[in-house]
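Chemist: Please construct the entire structure, taking both the sequences and the accompanying hints into account.
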Amino acid sequence: MRRPSARLILVNGEPCAARETLGRACAHAIERCVPEVSTMYKKIFAALDGSRSASVALDEAIKIAETFGATVTAVCVVEHKPRLVDVDTAYVEPQDDDGSATDIATRVLADAKARLAQHRVEGSVRAIDSYGEDIAEVLMRTAAECDADLIVMGTRGRHGLRRLLLGSVAESLLRIADRPVLLRRHDEAAA
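The sequence shown runs contiguously to residue 191 in full-length UniProt numbering.
Simulated from the structure, these hints should not be mistaken for laboratory data.
Do not rely on the hints blindly, as some may be mistaken.
[Stated by the list, open to error] Calculated pairs, DMTMM-like style, for lysine to aspartate or glutamate (alpha carbon to alpha carbon, straight line, at most 20 Å):
1. K43 to E145
2. K43 to E133
3. K43 to D178
Note that this is a predicted model, so its numbers are computed, not measured.
Modeler: This is how it looks when you write it as structure tokens:
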């Protein structure tokens with residue numbers, strides 16, 4: 001004969017009503033009952049680029065990390081212009097990088113680190129140079145290296161000609177992702 005089991009017992013009224021109805025032993029067991037904590041996400045990967053939508057996505061990653069006790073790896077990809085190299089003549093185009101991409105990444109990651117600490121969420125921050133590689137591929141590879149259970153990133157809500165011309169890293173990442181991706185939309189035009 002199978003023993004009945006219950007995952008939830010509802011009792012209407014004050015705590016004393018539970019004691020009268022179920023007895024002291026059962027009421028004590030109910031008061032001490034601790035729900036199982038889901039470990040759905042243990043490692044969250046947050047892709048940041050300095051935009052408001054990425055900031056909103058980091059907020060979402062932090063909320064999820066707080067809920068599941070997960071860690072967050074916040075990553076900002078630094079995109080330098082590719083250099084023109086002619087192997088035959090040994091010509092290398094001078095790099096006119098003023099360091100602004102690196103400065104932005106440093107600022108974004110410092111902010112992310114502070115926000116993780118403020119919410120007491122364990123995590124780390126990383127800047128990664130794309131070396132001319134597609135940003136979505138860099139993000140996917142890095143998420144895999146981190147063994148992330150979830151990728152969280154912002155999307156700007158572009159559409160029409162702007163989306164066609166500028167593309168979408170989020171859309172590209174969705175096409176190649178081998179793990180769950182949470183896109184947090186923030187329409188910058190409405191903000």
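Chemist: If a hint holds in the structure, say so; if it doesn't, say that too.
Modeler: How the hints compare with the structure:
no.: 1; hint: K43 to E145; result: 11 Å, holds
no.: 2; hint: K43 to E133; result: 25 Å, violated
no.: 3; hint: K43 to D178; result: 15 Å, holds
The structure shown violates just one earlier hint, number 2.
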